[in-house]
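Colleague: So the sequences go chain by chain: C and Y.
Every letter in the first sequence is one number past the one before it in this note's numbering, and letter 17, counting from 1, is 27.
Every letter in the second sequence is one number past the one before it in this note's numbering, and letter 206, counting from 1, is 770.
No lab work stands behind these hints, which were simulated from the structure alone.
The reader is advised that the hints may include incorrect statements.
Straight-line distance between alpha carbons at most 30 Å, and here's what the computed DSSO-like set of lysine-lysine pairs gives [unchecked claim]:
id, chain 1, residue 1, chain 2, residue 2
1, Y, Lys850, Y, Lys713
2, Y, Lys970, C, Lys139
3, C, Lys147, Y, Lys970
4, Y, Lys638, Y, Lys657
5, C, Lys119, Y, Lys970
6, C, Lys15, Y, Lys850
7, Y, Lys657, C, Lys26
8, C, Lys134, Y, Lys970
9, C, Lys151, Y, Lys917
In this text, all values refer to a predicted model and were calculated from it rather than measured experimentally.
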Amino acid sequence: MLDIKNLRVKLEDEDKIILDGLTLKVPRGEVHAIMGPNGSGKSTLGYALAGRGGYEVTGGSVTWNGDDLLAMEVSERAAAGVFLAFQYPMEIPGVATLTFLRTAMNSLKKARGAKELTTPEFLKVVTAKAKDLGIDKDMLKRPVNVGFSGGEKKRMEILQMTLLEPTLCVLDETDSGLDIDALRVVADGVNKLRGKDRAILVITHYQRLLDYIVPDKVHVLSAGKIQRTGGPELAHELEKSGYAEFTGKAA
Amino acid sequence: MTIAIIKTKAEQQLAAAFERVAASLPGASWVPAMRKAAMGAFVGAGLPHRRIEAWKYTDLRAQLKEAYAPATGKGATLDEKALAAALGPNLAKLPCNRLVFVDGVFVADSSGPTPDLGTDFHFLSIADTLGDPDFDWMTHAFEQTGETKNDPLLALNAAFVTDGVTIRIVEGATLAHPVHLIFLSSSAAPAASNTRNLIRIEKGAHATILESHIAVSGLARQNNSVTALHVCAGAKVQHLKLVAEGAEATHLGTWTADIEADATYNAFQMTESVALARHQLFVTFKGEGAAFNFNAAVLGRGKSHIDTTMVIDHAVPKCTSRELLKCVLDGEARGVFQGRVIVRPGAQKSDGKQMAKALLLSSNAEFDSKPELEIYADDVVCGHGSTVAEIDEDEVFYLCARGIPKRDARALLIEAFAAEAIDAIAHDGIRQALQARLNAWLAAGV
Chain C
11 MLDIKNLRVK LEDEDKIILD GLTLKVPRGE VHAIMGPNGS GKSTLGYALA GRGGYEVTGG
71 SVTWNGDDLL AMEVSERAAA GVFLAFQYPM EIPGVATLTF LRTAMNSLKK ARGAKELTTP
131 EFLKVVTAKA KDLGIDKDML KRPVNVGFSG GEKKRMEILQ MTLLEPTLCV LDETDSGLDI
191 DALRVVADGV NKLRGKDRAI LVITHYQRLL DYIVPDKVHV LSAGKIQRTG GPELAHELEK
251 SGYAEFTGKA A
Chain Y
565 MTIAIIKTKA EQQLAAAFER VAASLPGASW VPAMRKAAMG AFVGAGLPHR RIEAWKYTDL
625 RAQLKEAYAP ATGKGATLDE KALAAALGPN LAKLPCNRLV FVDGVFVADS SGPTPDLGTD
685 FHFLSIADTL GDPDFDWMTH AFEQTGETKN DPLLALNAAF VTDGVTIRIV EGATLAHPVH
745 LIFLSSSAAP AASNTRNLIR IEKGAHATIL ESHIAVSGLA RQNNSVTALH VCAGAKVQHL
805 KLVAEGAEAT HLGTWTADIE ADATYNAFQM TESVALARHQ LFVTFKGEGA AFNFNAAVLG
865 RGKSHIDTTM VIDHAVPKCT SRELLKCVLD GEARGVFQGR VIVRPGAQKS DGKQMAKALL
925 LSSNAEFDSK PELEIYADDV VCGHGSTVAE IDEDEVFYLC ARGIPKRDAR ALLIEAFAAE
985 AIDAIAHDGI RQALQARLNA WLAAGV
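Extracted from the complex, chain C is given alone in its bound form:
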């Protein structure tokens, strides 16, 4: 289970507090959605879980299956099963996508004490999963995310999520920049990953994605705290009423 207790996060370079005592539990086997207005701290939560620099944790705790995530390096968190699908995936010129995928997969296998993949094994699994997501072979030969459209970048994130076999998936605004067909492909990819040992946290501004990835629970994040928790119907309610109730509460 992902267990976040009273998490407080500020920007390292500013005094601005972004997460202000966030508490959240996501059991294995469940899909939870975090919804909230712009500036509520949604992306910060994703970065804090993945361990991005520039975000300072000033209080609280985060554990995954009992292990203290905050004490780990970024790559160690990945080895422990954490995967953040980025809202804006980085472009990495000069590093071929296949090289990147193989390095990442084998780094994780090594860290998890599993046998590294041979080149034919690797190519076989990548080719098959890429096909499912409508990613063509030429894309895999290009440098990571360089020149990819918004939709291609998101598909690539889901491909990575599929290949790296995480147990805690955090999807940060995965629906932004996707047309309806791409959204369906991406959602299918995520739904295939649903399973009893895996927890999935879907961060989104809009309810639309949740029509395709139906969550077990919906949490409303505003002013750095979870303001309300409910079932999938909460997302529809928010779509009608907006976030005014919560931003008003915060003011």
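We have chain C; now place chain Y onto it with these hints.
Modeller: What follows is chain Y alone, placed relative to chain C:
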């Protein structure tokens, strides 16, 4: 009134060394007079210093505290194990025409195999032919004219040259294997070697020529190496150089190339953390439709100082020149790039572009880049660019978030940066070998 010029210790040592060894250097006939004239020219000007524009960032007078005694190389033998260790496994196993020089002297017994010898490819040791009346054409190879007129490194090399090779690739031939010239420094005492290679790629011939300048680790060396290349009409040559003589070595290297019509000269250099390197290239287009492509990977750490300075002379119309320098600098390393492109009057449709990029891994590293375009024609396309950057921490985070440990993530990004230059190498075996050396260099320190 006379002006007393104060000579530095190194200049005095060089002059004294010449007096001491001149009589024992190879070459009869015109050679002793040529050596004496070259030494005279060098002594007159002294070591180059920062007030000479071409040496603005590499003050040899200040940096060369001491001149080592010339390596004699007499009775040199080759330690195959030491050679393989210095080359690295991939280069040591490269199928090639192998010519080996130890401490500045050709070691015929240890050279070979040379599978292409006799039909497509001919070579002779310079020491065996210098001053021989049958090889009088060589006198021209030691004349310094035009842009090389006052070059001190060429003068010093001419004065002290002990050996090297002349190579001829026969008209129309396509050499099956690369020629691998290996210059190994092995004597324990600090020493200087001076070698010169004269290479002629005849009409329409295709060849790959690799120079490896390497050393048994940690030797104090001052090596001055010159290669003069003549690329005849329609010929195509890939000319590469690896400089890895160790952290105590000074490498002074000059390449000159005359490129005739429709010929292609693809040059590549990789330099690994020597104490001081000065690479000079003097490239002259002699016929229309010729092309020059230069790629370089500079890998500096510690107190390494690596200078790449080139003069590209678009003397005739319709020629193309491209330069890409990728510089990775860590510690207190310093990289220098000076690219001078001259487009002569009437050299219309000249096309010249250069790009120098540095990746600084430390706040104490430094990169100096100075492009100079001298354009005397009006219908030309010329450009230059230069960038200096650090590793992008967002990119590191992205890689780490996918499970790649930070050290590996940084190495992957640095490798990607430097690989752009290495990827341009057409010969698969050499490209893979140099890629492996880059990875080994990264593994040793990043």
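Colleague: Within a Cα-Cα threshold of 30 Å, do Lys657 (chain Y) and Lys26 (chain C) meet the stated pairing?
Modeller: violated (60 Å)
Colleague: For the pair we were handed, Lys850 (chain Y) and Lys713 (chain Y), check the Cα-Cα distance against 30 Å.
Modeller: holds (18 Å)
Colleague: If you draw a straight line from the CA of Lys15 (chain C) to the CA of Lys850 (chain Y), is it 30 Å or shorter?
Modeller: violated (75 Å)
Colleague: Measure nothing beyond the straight line between the CA atoms of Lys147 (chain C) and Lys970 (chain Y); if it is 30 Å or shorter, mark the hint as holding.
Modeller: The hint holds at about 28 Å.
Colleague: For the pair supplied as a hint, Lys134 (chain C) and Lys970 (chain Y), confirm whether the alpha-carbon distance does not exceed 30 Å.
Modeller: Holds. Lys134 (chain C) to Lys970 (chain Y) sits at ~27 Å (cutoff 30 Å).
Colleague: Decide if the proposed pair is consistent with the structure: Lys151 (chain C) and Lys917 (chain Y), CA atoms, cutoff 30 Å inclusive.
Modeller: This hinted pair holds, its Cα atoms lying about 27 Å apart.
Colleague: Is Lys119 (chain C) close enough to Lys970 (chain Y), meaning Cα to Cα at most 30 Å?
Modeller: Distance ~16 Å between Lys119 (chain C) and Lys970 (chain Y) Cα, so the pair holds.
Colleague: For Lys638 (chain Y) and Lys657 (chain Y), compute the direct alpha-carbon distance and say whether it is at most 30 Å.
Modeller: Within the cut-off at roughly 27 Å; holds.
Colleague: Would you mind confirming whether the straight-line C-alpha gap from Lys970 (chain Y) to Lys139 (chain C) stays at or under 30 Å?
Modeller: Roughly 27 Å separates the two Cα atoms, so the pair holds.
Comparing the model with each earlier hint shows violations of hints 6, 7; every other hint is respected.
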